[in-house]
Structure formats: structure tokens, C-alpha cells
Amino acid sequence: MMSDLLQATFVVGVLAGMFRVATPVLFAALGELITERSGVLNLGVEGCMLVGGFVGFLVAILSGSLWAGVAASMAGGAVMGILVAFMSTTLKVEQIVTGLSLNLFASGITFYWYRVVFRSDEITNIPTITPFRPIEIPFLSEIPYLGELLFSQYALTYLALLLVPVIWFLLYRTKQGLHLRCLGENPRALDMRGVNVTRLQYLAVVFGCMMAGLGGGFLTTVSVGLFIPGITAGRGWLAIVIVIAGNWKPQQILAAALIFGFLESLQLNLRGLGQELPYQIFLALPYIVAIAILIRGRMRSEAPLSLGVPYLRE
Amino acid sequence: MIGVDEKVTKLTFKFQRRTEPSRLGQALAVPVALVAALAVSSILIRAAGANVAEALEAMYLGAFGSQNALLETLVQATPLIFTGLAVTVAFRARIWNIGAEGQLVAGAITAYWASVTFSGLPSIALIPTVLFFATVGGALWGIIPGYLKVRFEADEIIVTVLLNYVIQYLLSYLLSGPWRDPNAFFIQTRLLPEAATLPILFSKSRLHLGFVIALTVAFVAYVLLWKTSLGYEIRALGYRPNVARHKGINVAKTIVLVMAISGAIAGLAGGTELFGIHPRLRLDAMHGFGFTGILVALLGRLHPGGVVLAAILFGALVNGSSRMQIVTGVPVALVYAIQSIVILFLMAADGLSRFQLRKR
Numbered sequence: 000m001m002s003d004l005l006q007a008t009f010v011v012g013v014l015a016g017m018f019r020v021a022t023p024v025l026f027a028a029l030g031e032l033i034t035e036r037s038g039v040l041n042l043g044v045e046g047c048m049l050v051g052g053f054v055g056f057l058v059a060i061l062s063g064s065l066w067a068g069v070a071a072s073m074a075g076g077a078v079m080g081i082l083v084a085f086m087s088t089t090l091k092v093e094q095i096v097t098g099l100s101l102n103l104f105a106s107g108i109t110f111y112w113y114r115v116v117f118r119s120d121e122i123t124n125i126p127t128i129t130p131f132r133p134i135e136i137p138f139l140s141e142i143p144y145l146g147e148l149l150f151s152q153y154a155l156t157y158l159a160l161l162l163v164p165v166i167w168f169l170l171y172r173t174k175q176g177l178h179l180r181c182l183g184e185n186p187r188a189l190d191m192r193g194v195n196v197t198r199l200q201y202l203a204v205v206f207g208c209m210m211a212g213l214g215g216g217f218l219t220t221v222s223v224g225l226f227i228p229g230i231t232a233g234r235g236w237l238a239i240v241i242v243i244a245g246n247w248k249p250q251q252i253l254a255a256a257l258i259f260g261f262l263e264s265l266q267l268n269l270r271g272l273g274q275e276l277p278y279q280i281f282l283a284l285p286y287i288v289a290i291a292i293l294i295r296g297r298m299r300s301e302a303p304l305s306l307g308v309p310y311l312r313e
Numbered sequence: 000m001i002g003v004d005e006k007v008t009k010l011t012f013k014f015q016r017r018t019e020p021s022r023l024g025q026a027l028a029v030p031v032a033l034v035a036a037l038a039v040s041s042i043l044i045r046a047a048g049a050n051v052a053e054a055l056e057a058m059y060l061g062a063f064g065s066q067n068a069l070l071e072t073l074v075q076a077t078p079l080i081f082t083g084l085a086v087t088v089a090f091r092a093r094i095w096n097i098g099a100e101g102q103l104v105a106g107a108i109t110a111y112w113a114s115v116t117f118s119g120l121p122s123i124a125l126i127p128t129v130l131f132f133a134t135v136g137g138a139l140w141g142i143i144p145g146y147l148k149v150r151f152e153a154d155e156i157i158v159t160v161l162l163n164y165v166i167q168y169l170l171s172y173l174l175s176g177p178w179r180d181p182n183a184f185f186i187q188t189r190l191l192p193e194a195a196t197l198p199i200l201f202s203k204s205r206l207h208l209g210f211v212i213a214l215t216v217a218f219v220a221y222v223l224l225w226k227t228s229l230g231y232e233i234r235a236l237g238y239r240p241n242v243a244r245h246k247g248i249n250v251a252k253t254i255v256l257v258m259a260i261s262g263a264i265a266g267l268a269g270g271t272e273l274f275g276i277h278p279r280l281r282l283d284a285m286h287g288f289g290f291t292g293i294l295v296a297l298l299g300r301l302h303p304g305g306v307v308l309a310a311i312l313f314g315a316l317v318n319g320s321s322r323m324q325i326v327t328g329v330p331v332a333l334v335y336a337i338q339s340i341v342i343l344f345l346m347a348a349d350g351l352s353r354f355q356l357r358k359r
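Line order of the protein sequences matches chains A and B. The numbering of the first sequence is numbering that gives the first Met the number 0, which starts it at 0 and goes up by one. The numbering of the second sequence is numbering that gives the first Met the number 0, which starts it at 0 and goes up by one.
For the record, the hints were derived by calculation from the structure and aren't laboratory data. Quick caveat: nothing in here was measured; it's all calculated off a predicted structure. Glycine residues also receive a C-beta, built at the ideal position from the N, C-alpha and C atoms. Treat the hints with caution; some may be incorrect.
Said to hold, decoys possible - Residues from chain A shown here face chain B by an in silico Cβ test under 10 angstroms; the list is partial:
1. Met86
2. Phe104
3. Tyr286
Said to hold, decoys possible - Which stretches of chain B does chain A cover? Using the computed rule of at least three CB atoms under 8 angstroms from a CB of chain A, they are:
4. 148-161
5. 171-180
6. 285-294
7. 335-348
Using the sequences and the accompanying hints, generate a full structural model.
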């Protein structure tokens, strides 16, 4: 068993899987970062992912185009985002309750829609699509080990990794990013400078949910090629934990997402080896680690000050 | 109000935020939300290609059409009364316990353990023992996030959500390993001990003792929240946490206590449902009661009486939907969408009742 673990192919398999498995939570976490930087605490990430995953799958299967499915998953997330923004920014309803209700709404509506479209209760006849294949970058993917690890990933995985520096640049090197960070700290100051606070918050929330939707779309169009009600299995919540663990900074969020990706990838690869420990321990591990992170995460130095507090203009 | 404000200023009216929500608006919020949700449901039923009136009639008859239908509605409502109350006690203190789902499973696990361990006892002693252990299991699973919140400031929303997954995997382990019925194909336990099953209230129905216990707990929760000093502390904590601290309330102790009570009630949902309805403990048997309990608590306006009514309404939806699916082919899953849509409209109506239309 130990010798199996140390084999290079096993290690490379786990690490290559880490990037793939981390992709959906990375999308969702980067989106949630933008949302929370605008001062809105969106607890509906799980719901946005679920809607994105379902709509993406549905459009992919109906149109026959995986990329149409990916676009649709973003659109599905965006629609959820408009709901989140309308409830929290316009109506100023309790954001915690909004997020929770939207999660339940997402799970109910996707379950119903799935049943209406596919109609079959039988387990034998689950509709599937042929998921994306990894992109093997010419020459580079042929490098031993490193090729499999870094240069034969999925297009969307490359996109998620690319998004990390892009969002960093947006947040810290552009005027809009400065406004966004200010919005989560002190919306009044921004309002007084004549910036349209509502518009900026709407944009941030819709973008955030769009990314969560894309994360959900990755699950159905890349990871598995099918939709099961509740397929997100808590990944939206892990994304929220990842934002906290990453201290609201893009590069640290990437690191946290990769840690969760590693844990899940390890579990997937260990299953093939037939180890003696009950496999449920490995399945539960990401959630237990997430709780441990929350215990240690008391120093939330970068948490936006006005997070979750609706802005009221006097 | 900005977004709305700017659009409406061109007219002669404008939206203004009230200092206090309008009483009329608050009173109307529930009926308005129910009507709006009914309208959306009609659209969803149409989308499934069915006749709306036919589907709604089938649903009504399925839920209330006969004495048996009515009793079955109460069967469906029973676990929701418990989980709704569990959420109510916590939310009243603004402690966001999203973990009723997991605490229910914890209660079912400890209750099952007790039923096997004390299986020699006669029914009259075994049932109280089993239910006692159901509350203990739920309470323990609730105390964990409460303690982590008090001691480490770990956010209870996320911790309770994560613990829901952890307990699910623990149950999965128990069912596939130590507790597995070796003669069964599915992962499930052996048949539950006969002596531990709850008595049925009306012959030829499934309505069990759990319903009476649920109503009792609702009454106790009302007394607890409004007639005891702990209840005062709970509501003070929810209303003005800082003031509560200054009034000499031991906030840390109250938080852990609230999570224990909330978890205990959710655990009781697991215990009564398992020994009232199910022949064995299985993985998927009690899915969703905890989450629906959040919606029940919100629709019931965080009041035990309201929770009972909301639970019966949601129980009726679940029960009626089976007949709807048979008659019209509209999937049962519709009710899960409807339940959350009711709450979204309710919150929107609450939000709107904080605004008023003024002449400029």
C-alpha cells in the first residue's frame, strides 16, 4: 500500500486530478470574492452552481454543443444573481435568509425541471452527454509527468487558473476594483463621490453568481456529463469557506481551492487502490477540514467591513 | 432607496423607506406570498403540459379529500413541525442553525442505537428511552457548532451546513459496515425492534404518536420562548445582541443552550419519524425535512403556532402531490419548488412593506 502511494504515476494522477477537481470551486470562490467585496454576503452560491449545472446540462443535451451549455450555465447563474441582487440590494431583505431560500429554490426548481424534461424515474435510463475532453498542448503535454500535470487539462481549468491574476489585476490595479473594494468597506464614502452604488453592487453580484453558475456547468459538462438533483453536494458552501480561508485575496483563494481539490482528488484516486479505511472518512474529510479552517480563521483582516450589511441612503 | 428611487422620480410618486415596517404590509405578506406562489405554480404546471385546474384539484383532494387523506397530511406534517420548531428556537436568537437536517439524522442514529441496545425493555419503557436518546443525539450534534461559535467565533451557518454532510457520511459508514443487515441487498439496518415502534393513533392510518408529541413540543416551545426568563434571553439576543450583553445575559451560555435545544427538537424529529413510519434505518429515508423546516419556520413567522399551521400546509402539499402526479403526470418535485417560492415571495413582501409610496 505505501509503495503504491509513493509511485510517481499515483502522485501525478492525484495532482493532475487536483486541478480538475478544484476548477468548479475555484470559479465559484472567485465569483463569491467579487460578490463579497461589494458588501453582499451571498449564501446562495450552492444554488447558483446547481442552476448553472442544470441549465448547462440541459442546453448541452438539447443543442448538442458543449460550449452552448457552458454559456447557458453562466446565464443561469446570472439569472440567480439578479434575484440575489434584487433581494439584497433593492429590497434590502436579510441576506442570510435570502441565500438560504435561494438554495432551496434552486434545488426544488432544478429537481422539478429535470423531471418535467426527462420524465423517467428509472435509474437505468439516465440521460447523459459526452463531456469535454482535456486539451493536450502540443509538445508540452509530452513532457513526462509535468505534461500530464499541467498541460493536459481542460480548457475551463486553464480559464479558471487564468482568472486568478485577471481578478487580482481588476481588484488592485483598476479604478473599478478600487471602487469595488471601497463598496464593501464604506459604501457611503463611495456614494458621496457620485459612484452609482446600486449599479456596482448589482454588477458584482451578477458576475459572482455567473461564475458560480459556470462552476456548476463545469461539473455537468466536464466532470460527469450528466445531471443528478443535488449534484453540487456542498461545493458552493466549500467555495464560501475557501473565500474565508483565502482571506478575500485571489492568490490565497487559489491556494485554498487547490487544497480542497487535492483532498478530493486523493480520495478519488485512493478508492481505486482498495485501502482498508472506510471510504466515507475520505468523503467527509473536505467538510471536516473546512470546519477546522473556520476555527482557525478568526483573524479575518481582509473581510469587507460592511459585509452583509445593506446600505441605506439617508 | 436608490435603484427604485431614480426610476420613479420622474413620476409624481416616489418610494420611501419607512422607519418601521408597515403593519398592514406585514399582515398581508403571508396571504400575498401564498397567492403569488400559487400563480407561479400554475405556470410551472402549465410548463409540464398539464391542466392547471385539474392538477390543483387533484392536489387538494389528495391532501384533504377524505379522512384518510387528511390523516396522511398530518403524517407528512409531523417531522416538519419538529424541524420548524427547532429552526424557530434558534432563529429567534438570531442563531442561524441550518443543521436541523443533520441533527435529525444524529437523533435517528442514537435512537436506533438505543432501540438495539435496550431491546429487552417492554414497549412502555423502551419508547421513552429511544426518544430520549433521539433528543440527546440531536442536542450533541447541535452543541458542536454552538461551542465552536462561542469558543472560536466559527460561523454557525457554515459549520452547521458542513456538519450535515459529515453526519450523512457517518450514517453511510454505519449502514454499510457495523449496522448493515447482511441479508439485504440495500444498505440498511435490520428491521427495527417491534417494541420500539410508536403506537398508531387511528387504525388504518399511519398517524403515530409523534404527531401528539410534536404538538406538545410546539406548546412547550411557546411557553419557553414567551413565559420563561431563558425565552426572554433568547429573544433579547435575537433582537439586540449588544443590549443583551449589557443586560448581564451570559451570551455564550445562551448560544450553546439554544443550539442544544434546537438540536434536541430536530433529533426528536428523527427519532419519531424513524420509529413512527419506517421499518428500518436507511440512508435516504428522511431527506430534506431539516431544510424544509427552515421554510416552515419562516412561513410560520418564527412562532410555534404559525409553525404548526405552516407544517400542515407543507405536509398537505407533499401528500397532495402524489395524487397530482398520478392523475396529471406533474412530477411530485413541484412541491419542493413551490415551498421555496412561497418563502421568496414572503421575504420580498416583507421587504416591500418597509417602503411606502409618497406623493412628491
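What are the numbers of the hints the structure violates, in ascending order?
-> Per hint list: zero violations.
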